[in-house]
Each structure stands twice: as structure tokens, then as C-alpha cells.
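Listed in order, the protein sequences are those of chains A and B.
Sequential numbering from 670 applies to the first sequence in my numbering.
Sequential numbering from 4 applies to the second sequence in my numbering.
Fair warning: there could be bad hints in the mix.
What the hints assert, rightly or not - List of simulated lysine-lysine pairs, DSS-like, C-alpha gap at most 30 angstroms:
(1) K241(B) / K860(A)
(2) K241(B) / K264(B)
(3) K860(A) / K264(B)
Think of the hints as simulated: they come from the structure by calculation, not from any bench.
Chain residues, written in single-letter form:
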Amino acid sequence: MARKLLIEHADVQGIASYDVYRKHGGYASVEKALKNMSPDEVVEEVKKSGLRGRGGAGFPTGMKWSFLAKPEGVERHLVCNADESEPGTFKDRYLMEKLPHLLIEGMITSSYALGARRSYIYIRGEFMYVLRILEKAIAEAYANGMLGKNILGSGYDLDLVVTPGGGAYICGEETALLESLEGKRGNPRMKPPFPAVKGLWGNPTVVNNVESIAAVVPIVNEGGEAYAKIGIERSTGTKLISASGNLVRPGVYEIELGLSVEEFIYGDDYCRGIANGKKLKACIPGGSSVPILPHYLVTKTAAGTDRLMTYESLADGGFASGSMLGSGGFIVFDEDQCIVRNTWNFARFYAHESCGQCSPCREGTGWMEKVLYRLEHGHGTLEDISLLEEINKKIEGNTICPLGDAAAWPVAAAIRHFRDEFEWHVKSPQEAQSRNYGLIQAPLEA
Amino acid sequence: MIKVTIDDVEIEVAPGTTILNAARQAGGDLVPPAMCYYSKLPGTGGKCRTCLVEVAAGSTADPRPMPKLVASCSTPVMDGMIVKNKTSERVHTNRGGVVEFLLVNHPLDCPICDQAGECHLQDLGYEHGSAKTRYREERRTFSPIDIGNKIKLHMNRCILCYRCVAVANQLTEKRVHGVLHRGEHAEISTYIENAIDNDFSGNMIDVCPVGALTDKTFRFKSRVWFLKPYEAECACDKCSGKAVVWMFGNEIFRVTARKDKYGEVETIEDKTAWICNDCRFDKKDPSKWNLIGPRKIDRHSVISQGKYATKNDNNPKLLS
């Protein structure tokens, strides 16, 4: 069994309360950082750890921190992105629900490293009950002198605020998140300027995912080099994977990066295979916005090597035969699932969540949704499939924020790997539709 | 001053200039089209994506090309940057794609639209759009609403450029005008159908690149190319009073601000010559205006066909 750095104590009775959390070694990183380390030393440890952003893009956290502009006399902010809305991803909610103090501890240590005096947790509106858990935990932290003025006698002050959003997926994009946090409509901003220069209220800001901030705690406790020893090459440390779909044991797992995908799907410690003895058909390894992989590319790359749970291995082969680790929303489909229906479902999600600011995304996502609806419901034509590919190419890369790409990639990949199934929907619509009501078995292509 | 090359034309511009403004300084047909960027309104730009250009070399210091097409209205130039607009096939296809997206939900009711003839979307569609639509679904529709007693909003025609939002933000303290909903359902509206009560709200009509915001005193009165634009001024205590009056015979049909070839209100005496609602909507009596002379209209514009004097003109001063 692999080492767990984040959720080891998740099942301890009462771990959400300050006292129990402290008894299990909590807030050690705050003590260590504030008493023995300078802020720059903490940043240096995070750099050494090779930690990469856990929100999806995988940008090195230490590097992001070192980009933060530090002009004299200007406030800096750390914002935690807890707007986890990607279909298939539910690791942050699990972490905040079970271990609210871990996030708060990470926030204190990270804020200290960045010199932020006022930090924010922007949480998704649907997570109202998690917000209450966090607020209770923050109140406890204030009461025990971990937040507020002069923390642990070090002279460092920090205020931590939790703010709920309205429940828009787009507010998980960092600049839209900042707009929303400022009380405006959650439209992504134009970059540059980047948030590291001009972010919240025009001040330099770092926006990090919940899991990235939580990972700072073991990094400071054990040292960046020890953390970097876990994992393979540039994918270091542990990662929370939220596995869902047709698995025997779906759920949130903490894995050491470098675990093989085969072990993750079929291993006894992890998902224990496909449910009901069915066969694997496809897998989306990193949340709905990454390309889908057909069964023959899930456990092996196109080159024939084992596919591992790392940023590099999952992306092996580019978009032609690879995917991305993304946010770790591992969705598995068995042989009975309909890829067209699933793609339509995702397209519907992106059409619903597009902010409507820039034209390719606003019109393109809606258009794709309608074409896919037609295909799925038996009114499609073969030209529609190539039309979808065309729309994809026109959206991808032409939008302000990555939502356009996120909407285009899954559709493009589904057509790339499952064109037969799309054509089957056009040629024998009745058969294809009745499959979705469980009446017939789908053909599983080699 | 820094050097930048746009479509093989080398120009020198001040640091911090955007690619689009650099191209405008060079002039000619290398200027990318812009549907949402409005140089007189801070905060506009980046939304319509029609001004996408290819950056073949980032700068002298870092000559790598930029992987994506960039929005020229919001990307500052760097020394030694090489930009491709007209000369790039990639820009042409992608801009065509953007135009197609803009037209997906557009009603194409040009025959009854007051903006026809001076519509930027028409120009863009003519240059980049294909003749046929591939969109088979039903278009989104809204009912026209009044925002302000003299302004009609046809949301069907809107391309959500946010220019009118920027105008409203500049005009009023309280936000009463903005965008509701999101994605395809996004619509420009006022907060709970409030009217914008401001002397300069009519400028929203001038900044609108399409026929979404129209002047209710001019709606359905005439096609713009039947009218003759004259530069005119009047004594006004609210605005500069410098405007263009659009006449048919001796009758003023409508009044607009003076707009340059990019459709932007001109800067006169270091001030953007916005005009007030009194001048725009109420001064339709020619005796209140001092006519200066014919307004120069681009020779290729359909409007210029009515510019020349005809027998019907009985004002000798204007027969120039």
C-alpha cells in the first residue's frame, strides 16, 4: 500500500475538530515554518518538491509562487480555488469535508511563504455544507491562535475568509474566480496582466487548488527533497484521484504518482476492476475536459509501454493517442456505455457553463451541443460528424480562457477514437438508441 | 519607440501600443477588423475574437512564434515582433470561423434592419463568411425591448460585444445596464427592465457595431443610403454639439456623432465628441443646426451613393 500524505487520518473519529487534528500531528508545518523558516525558505522547499498544480493544468506551484510580484507597500493575496466543478472530479470536496484543518494549515503556511495577510477560500456555491464545516474549523483556528494577530508569537498576522460562489463552473478559472470574488460577474479577464502581477483588487495574487495547498503541509513537514523522492521524474508526490464510473470500488484514492493505470483500475488496493464482470470500453483519466482514451490505449501507450499515472505518461502520444492527468477525475466506461450520449452530455454541460463572453465559445459550445443532440437522438447525418470536427478546430485556442479548449477536446477525442460509434448512430439510429435503454449490447471494437 | 512588422510593413510605435493600434497607425488593409474593441472606451476588447492575428516572432529577444492566435486588440507589441494578418492563411480560416459563430444566432434580418449599410457585421460577413449556413437548428430569439424611452434593443441581433455596457458603466454610478444569464442565453439588459436615465445614453446606439441598439426616432424611417450625411454643429450646453445630421431633402432624419472609418466616435479638440440625447433625439429642426458641409464617406460605402447632390436639393449651400 502506498504512502498517504494527505488523507491518512481522514477516517479518524472527529478529525474535523481542532483538538483531534492537533493530536494527530496537525499544524506542525505552521509551527515549523513560522518559528524556524523564513518565507523564502518555504518557497524554496516547495520548489524543491517539484509539486505541480493539482487543479488540472499541472503548472509547477513553486514556480508560480516565485512569479508573484512583490512591490513595496502593496498587499498580496493567496486565494484557494475550491470551486471544484469539473464533472468526474470530487477530490477537493472529500478533502475539505474530512480534513478542513489540513486546508487551513496549508493556507497558513502558504500565506506565510507568500507574505499574504489576507487569504481567501473561494468555494463552490453547491458546497454550502462544506462551507459550514470550513467556517467552524476557521473559528476553531482563530480561537487557538493559529489565525489572527501574531500567530504563535511570530509576529505574523493572517486573516482567512471563506466565500461561496454562485455555482458557476467558469468561476474555477482563476481570473473569473477573482472577478467573482470581487463581487462582479464571473467573466474571465484578459491575460496579461496575469494574477501574479494584478489579481484580486488589483493586487498581486496567487490562486491555487485545494489539493496543491494541502500538499504544502507534508512538503514543509518532511522537506521538499523527501517529497520529490515520491513519484517519477517530473511528476512528484501523491495525488488524489476521484474514480467514478463502472468500477467495483469507485471513490477517492490517494496514489503515489507513477502507479500504473492497470494497477489502479484492477488492483485490490484501488478500484478492483470493472463492475459486474464487464469489459473496459473507455476511460477519461483527468476529468471531463481531457480527451477520452479507448480501452486499448488505457493501460498501454501507443508505443506499447505501460501507461502510468503521471503527467507525462498519460499525455504520451499527444492528442492523437494520449490524454492528460488533469484534475484526477478518473471516469471509467464499461462496454455498455454510449460514447455519443456521454459526449453529448459533456457538450451540454459546457454549453450551459460557457460564460458567453467571447464568441467562439458562446456560439460554438451551443452549436456542438445541438449537433450532438441530433446525432444521439437519431437525426444526425454523416456530415454532422465532420461539422463537429470543424467547429472544434474553430473553438480550440481561439478563446479567452481554457473553457473553449475544455469543451472542444472531449468531442474531438471522442470522434477520433469512436468514429464507428458515431457512424453507427447515423446509420442505424434505432439500434443505437435502444442500446441506451439497455435493450441491446454494443459492439466492442478491437 | 519600438519596431514592429505587420504583414511585411515595418512601423515604429510607442511601447505599450497594442497590435491593433499599431496596425491602425500603419493604416491600409492590414488593419484587423474589430467588433468589440473600442479605443475610446477603456475595458473593451478581447471578446469577439475577430481581430485574431498570428504572431510569427514574439520579439527580438525571444523570437519564438506564439502558439495560439492572439487577440490583436489586447496584445501589446514587443520590439521586433512580426505579426501576420492578411498574409496568414491560419488567420483567415479562423476569422472565418469566428464570423460563422457570430452569424450562427444572428437573424440576418438586414432587409429590415436600420443598421444595414453601416453594419460592421455585414462587412465582416461579406469578407469572411461563406454564402451558406451550416446551422440547421432553431436560432435563439428574444423580444425587442425598450431600454430608455428613445432606444430599442433587438437582442436577436446582438453579438455581445459589451461596448454598450462599457458606455453605461462610464455614464452612470449605479450599474443598471449589463449582461444577464450566460452562454448562449446571455443577453444585454437593464436591471429588471429599468430605463437608463442619462443624458448621454444615446451613445450606446453609436457604439453598437450591429443593429441591436437602434434610435426609436429613426427606426424604419429610411434606409441610411437614401440619406445624406452633413457635418453640423449646434450650440449645446451639455455636449460639444458637433455631430453628423442625416438629411433627406431639407428634413433631418437622424443625428449621430461623428464617426471615423473604424466606426468610433471622433476625437475633437482632445475630447471624444459624444453627443447628448437632446441633440440626438430632439433637434430634428434644420434651423437649429449650422450645416458645415458634406460628411466624407468612404467611396466604397453604400452610403456614398446618396451623397451627391440631386435636383431635389434646393439648398444651394449644400450643392457642393
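Tested hints:
Of the pairs offered as hints, the one joining K241(B) and K860(A) is violated, with about 38 angstroms between alpha carbons and a cut-off of 30 angstroms exceeded. Restraint check: the Cα-Cα separation between K241(B) and K264(B) comes to about 26 angstroms, which is no more than 30 angstroms; the hinted pair holds. Of the pairs offered as hints, the one joining K860(A) and K264(B) holds, with about 28 angstroms between alpha carbons and a cut-off of 30 angstroms not exceeded.
When each numbered hint is compared with the structure, a violation occurs for hint 1 only.
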